[in-house]
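There are 2 protein chains.
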Amino acid sequence: MFNKRIKIKELLQQEPQEQEVTVMGWVRTFRNNQFIALNDGSTNTNLQIVAELGQFEESLLKRITTSASLKVTGTLVPSLGKGQKVELKARVIEILGDSDPEKYPLQPKKHSLEFLREIAHLRFRTNTFASVFRVRHALAFAIHKFFNEKGFVYIHTPIITASDAEGAGEMFRVTTLPFDNTPRNEDGSVDFKEDFFGKSTNLTVSGQLEGELAATALGEIYTFGPTFRAENSNTTRHLAEFWMIEPEMAFYDLEDNANLAEAFIKYIIKYVMDHNAEDLDFLAKRLADEEKQLPQDKRSEMGLIEKLEFVLNNQFERLTYTEAIDILANSNYNKKKKFQYPITGWGMDLQSEHERYLVEKHFKKPVILMNYPAQIKAFYMRMNDDGKTVAAMDILAPGIGEIVGGSQREERLDVLLKKMKDMNVPDEELWWYLDTRRFGTVPHAGFGLGFERMIQFVTGMNNIRDVIPFPRTPKNAEF
Amino acid sequence: MFNKRIKIKELLQQEPQEQEVTVMGWVRTFRNNQFIALNDGSTNTNLQIVAELGQFEESLLKRITTSASLKVTGTLVPSLGKGQKVELKARVIEILGDSDPEKYPLQPKKHSLEFLREIAHLRFRTNTFASVFRVRHALAFAIHKFFNEKGFVYIHTPIITASDAEGAGEMFRVTTLPFDNTPRNEDGSVDFKEDFFGKSTNLTVSGQLEGELAATALGEIYTFGPTFRAENSNTTRHLAEFWMIEPEMAFYDLEDNANLAEAFIKYIIKYVMDHNAEDLDFLAKRLADEEKQLPQDKRSEMGLIEKLEFVLNNQFERLTYTEAIDILANSNYNKKKKFQYPITGWGMDLQSEHERYLVEKHFKKPVILMNYPAQIKAFYMRMNDDGKTVAAMDILAPGIGEIVGGSQREERLDVLLKKMKDMNVPDEELWWYLDTRRFGTVPHAGFGLGFERMIQFVTGMNNIRDVIPFPRTPKNAEF
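For the record, the sequence lines run as chains V and D.
Terminal number for the first sequence in our numbering: 484, no gaps in between.
Terminal number for the second sequence in our numbering: 484, no gaps in between.
Copies of one chain are not kept apart here, so a pair can be met inside one copy or by any two copies together.
Capping the alpha-carbon separation at 35 Å, the derived lysine-lysine pairs in DSBU-like fashion look like this:
| # | residue 1 | residue 2 |
| --- | --- | --- |
| 1 | K150 | K14 |
| 2 | K67 | K14 |
| 3 | K290 | K12 |
| 4 | K9 | K150 |
| 5 | K290 | K90 |
| 6 | K155 | K14 |
| 7 | K424 | K67 |
| 8 | K369 | K297 |
| 9 | K423 | K12 |
| 10 | K67 | K423 |
| 11 | K424 | K9 |
| 12 | K115 | K155 |
| 13 | K14 | K271 |
Since the hints were made in silico from the structure, they are not lab data.
Let the hints inform the model, and build the full structure from the sequences given.
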């Protein structure tokens, strides 16, 4: 049995009473041939280990380099130095693994996020990424906890799908057919009957349609899984592979849906603030340092923690698309032609700059926009009584833009069929989806939260590539 | 605001005091033009609703058919009938959605699991599948809870990977290249530089290698995500798309690994027994009914609940591969040539029939087999001092076979490099994996649990297609 170590996070909470303990971790720094800062990933706070002068062989001390791994047994004593309450007086130091300081790419200095992305396999060893991924964990756990407490059922919707129904964007093909001597039909087209699944298949862009099948039986469900877009978007907000949470609820209307989404976002932010205060403090400081390099008018008005508290303590602003268009059209921004895309009137799709104006300049808080024009939204959204808007909602967050998209779903079979026809959605492919409207249809609603965008919001990381362990983007699938 | 209903599960726990409540759900049965059994997916127990004779119009009553959806407001009163403590005396009945009994495929009678698989979009509405998917949810939540309590970090490893390093089986290609006019290099080979990621990519078969990167920085991590095998296996235990949990721990040896795995399995079983007793009772009865149709010698020795309790209350048997071979070679089964694959001696790979013999006939409890011959195991498993076995472990469960596979990982760079060379694993592709051995390598270990096999074990469902909402198997990617 190897694992009799104590984690540094736990150890730092103990009173120093000369108790003997064993820790294991990686060296962050080694000062004066005497003071080792050891980190084991449980916290950003390093444990100070004192190797008293003359007590250890020079050959051993030489091997205590940045990122070498150690097993240290000693006694926990009060620290005389600044910056820590306790320290470990080493009795035995064992080198578990060496690290050649000439070759190790991470030095105890500031590296750019771009450089760290190239060594994503090692960036877990930095304070920034250790905090980001501990926060990512906490958010994921909070999501499951929130839904579990409410009696939602976690549903794994399929990753590989044959349906191209949602038309949410370009898709990745999944296949076992060869590019050479591809099986062909008589007319020369590819014979997908020979493919693994007997038909053409893709990676899912959303689990919503399958989620609705479960919700219209189990009542309230949610998905939490990877989704994919084969879009050639090289931005700080897009990934080809990302994770989505998609709750779907029977017997909900649009207002119920918005209430749930707002409560959900607040719950998971509060959970992280309660459980990861140290990580958030670190990330807040990092963000503040980063912003110091920006011109005054590009800096955030609030610090990270302040922003999260603000979201917790304020009701999200709710307004209709129509109201939003009025505000935008009458804004000084629009009149002074500061928008790249001018406001052309009702019916236009909102651009990211418009959403950010509403959130960051006008309301200065998260906004729930509701009731969009039917023609700019998906086929499954419920037609409102006005005959021109649908019961859709987007939640827009400061600094991020759209973080949630949702709607009440069209539960009326005849209205849905007409909409699908108008929008060229093939109804024979979606026979199973339509069955839920044929047999005991119910009012229902749901939304999707982009997990990485939520992490960006909570951690203040500007680039979405820095909140997922191994980002997949155009021309990049390293590791 | 639509959602002022109370869930039936909650309602059934209330004392009947003529309080007015609103419920919504789907009709299971309607007897004597008076008694509606309503189900809303929160529990298998239906709510009895009494529509007093003469109080509702005939035209309304006619529409109360199996699977029609209702909104009912009334008062909760003690039930005079058998089988329930309370019932709802209806004041208002609203039909939310009709269901044509001539067309609705699910009738209030027993359907075969094969038939239900063809209408997987509706099988959520049966008691069997509602229970299976509520148990699936509970198991998933218990898994996150277990690791969260221990300070593990949940890591999302990539689904799309460029590495074919593990060689765990055939893989699905992920591509945006067309089959017609595929871009080609001068030598005629496919030009994958033109593919979305600039190289050839596949769906992951395991997140382990990436998990190790995180563990050797954060200490203890786990993954929980979809994995894929493009194997043409049409069995009751194989899916092309399934979910795996892969914890990976720095500073663990094989014994620590086995201890964690055993504690983990017991924790999640106990969680489900504590939280889903009603579902398990239902599934136990279902299994018992199903087994009545089998000849005596094919039936399980224990009922479902009994089996789960037995696993909770007994230590898993731990033995080496070498000891297992001895037991098998000397067994009457082997001597009487009852094995399809006879025991040929040390070094052979164990077949499922051998594993089941050990678990079901010999030890009659879960077994942890350790220290397998190096040549039948993966390159990353740690070589033992004997120079011929590796620190691998498989956990075998009654009725299922292998449920966990794991090992201590080879942390010694030189040993690992030699092994990769011997096994033709390209080391230049895995430079990032090897870096963890170059810079502060540590003893570490991990395992993988097949989520669907675990659900099969807990629910007693014989076919793996019946424990995932929409199974993907050869020639099948419906819904």
